[in-house]
Amino acid sequence: MINFEHKPAAHCESGVTTNMLNYYGIRLTEPMVLGIGAGVFFSYMPFITLQGMPVVSFRPLPGHIFARVMKRLKINISTRRFLNENHSMKALDKLVDKGVPVGIVVGVFFLPYFPKEFRFHFNAHNLCVIGKKDDIYTVSDPVSLELNELNHTDLKRVRFAKGTYPPMGKMYWVNHVNSTSPDLKAAIIDGIKMNCHRMLDIPIPYFGVKGIYLLAKHMRLWEEKAGARKAALQLAQVIRMLEEIGTGGAGFRYMYAAFLQEAAPILGKPEYLDLSKQMTGIGDLWRDFACEAARKFKKRGENTLTYDQLADKLVHIADGEKQFFTQLRQSIQSI
Amino acid sequence: MKVEEVPQDCGYLAPTNLRDIYYALDENGNYCQVPSVGWEPKNEALSLVWENIADEAQNIRQEVLAGKKSPLAYHLETHLFSVKMLASYTDIPKKTIKKHLQPEAFAQLDDQFLQKYAEVLSITIEELKRV
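Here the protein sequences come in this chain order: A and Z.
Just add 276 to wherever you are in the first sequence, counting from 1, and you've got our numbering.
Just add 3 to wherever you are in the second sequence, counting from 1, and you've got our numbering.
For the record, the hints were derived by calculation from the structure and aren't laboratory data.
Just so you know, not all the hints are guaranteed correct.
As the list claims (entries may be wrong) - Capping the alpha-carbon separation at 27 angstroms, the derived lysine-lysine pairs in DSS-like fashion look like this:
hint, chain 1, residue 1, chain 2, residue 2
1, A, K409, A, K366
2, Z, K97, A, K432
3, A, K493, A, K506
4, Z, K132, A, K438
5, A, K432, Z, K71
Said to hold, decoys possible - Here are the in silico distance ranges between beta carbons for each label pair:
hint, chain 1, residue 1, chain 2, residue 2, range
6, Z, I56, A, N279, 36 to 44 angstroms
7, Z, I56, A, P481, 26 to 34 angstroms
8, Z, V6, A, Q609, 42 to 50 angstroms
9, A, P481, Z, Q111, 34 to 42 angstroms
10, Z, S125, A, I412, 50 to 58 angstroms
As the list claims (entries may be wrong) - Negatives, chain A to chain Z, calculated, CB over 10 angstroms:
hint, residue
11, Q327
12, K408
13, Y482
14, Y489
We treat Cβ as the ideally placed atom computed from N, Cα and C, and that holds for glycine.
I would like the entire structure built from these sequences, with the hints used as guidance.
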């Protein structure tokens, strides 16, 4: 098997990307990968449902972080999807036999080493296949502390999970690396610019800061429209997306703060340490929101907040993020 | 959040080798990775979702016992499957699956057909017939 260092990470996609880069001699941290990949986002799409609940997400679409990072570091990659399950396994075997670590997208519902309680029909989990012996594949899953094994049948099944966003055997890998010391500064600047743009400028109300405001607006009406039980479930869904395995805490906000801290000396901008602190503060607000929300849907304690008050907290967070990304954009444009 | 504030509230992750990785501030104000076994609000959110699924399944079970629905309806609920999803896993038309949610149509299915459903749901034919 190849000498692939498995390092646990907060998020599956940035974790796979970090470990792959490391294998090819480019040592970056996970927060750095997240930052270059413009990985902080918010989207609230009431018209797409997962388990009957509107989708709330704190990350870009699957595959975007990997693709952006590789592009900004000028690394040549390939991505493939399949219609035929057997073809996809053959293509995977061929690469693994050549000693290429291959990132794959899987559904977690049939993933054997996941605890039953986490097995939803969620189809955007990433892991890296690093070896194969007979029928057994060795996989590096960043949310796991150690390497795991999957047999051929299980692997095929999770690669062709069905439901919302089926992965269709998607796999991605590095073709070749030109330089193991890429221009990090330029990559960081590009990443930050894109992240500001994605959080502030998308002209429809579902994405970025606008999405947070829209969620707050809808949240005020949940109880009235859907009843107490459904409202509680919707609230629980938001908290799960915010904190589900793989965000590093507070929906990637803490990881982004870590990125800014690391970027400060590279950009030669000490004020990024202050921006990092601001982002930490925003993360704390999200965590506080999660605590209050949990008290609400647990129905424990007399003094739980109303949906209106929870929505007010969201508006406060959205104001904070808007101000933060506006300031970040001003500072990045002056470099 | 500081390193010592990273929650370690045992939940669903505790018995596995999976962990939440947090980014938290050490004593010098530098960010570092800290593994966590869980956080109360998140554990509660997940519990609520599963309680709800169990309740729904119980309602359907009563309907099955009353002869209003087939056991397939119950197993779809406990496995979080929709008719659409089962259709894409099995290549059986949605309309046919919907018919099989009725006890009469379900009772007429032979083992070969039931095997298709059982396989996707990872249960045996015997289990598929029971609730």
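Now for the hints, and whether the structure bears them out:
1. A:K409 <-> A:K366: holds (14 angstroms)
2. Z:K97 <-> A:K432: Given that 27 angstroms is the threshold and the Cα spacing comes to 24 angstroms, the pair holds.
3. A:K493 <-> A:K506: holds (17 angstroms)
4. Z:K132 <-> A:K438: holds (24 angstroms)
5. A:K432 <-> Z:K71: At roughly 36 angstroms apart (the allowed maximum being 27 angstroms), K71 of chain Z and K432 of chain A break the hint.
6. Z:I56 <-> A:N279: 36 to 44 angstroms: holds (43 angstroms)
7. Z:I56 <-> A:P481: 26 to 34 angstroms: For P481 of chain A against I56 of chain Z, whose Cβ atoms are near 31 angstroms apart, the range 26 to 34 angstroms holds.
8. Z:V6 <-> A:Q609: 42 to 50 angstroms: Once the Cβ atoms are compared, 34 angstroms apart, the range 42 to 50 angstroms for Q609 of chain A and V6 of chain Z is violated.
9. A:P481 <-> Z:Q111: 34 to 42 angstroms: violated (50 angstroms)
10. Z:S125 <-> A:I412: 50 to 58 angstroms: Given a distance of about 19 angstroms, which is not inside 50 to 58 angstroms, the answer is violated.
11. Q327: violated (7 angstroms)
12. K408: Since the minimum Cβ distance to chain Z is about 21 angstroms, K408 of chain A lies beyond 10 angstroms and the statement holds.
13. Y482: holds (22 angstroms)
14. Y489: holds (23 angstroms)
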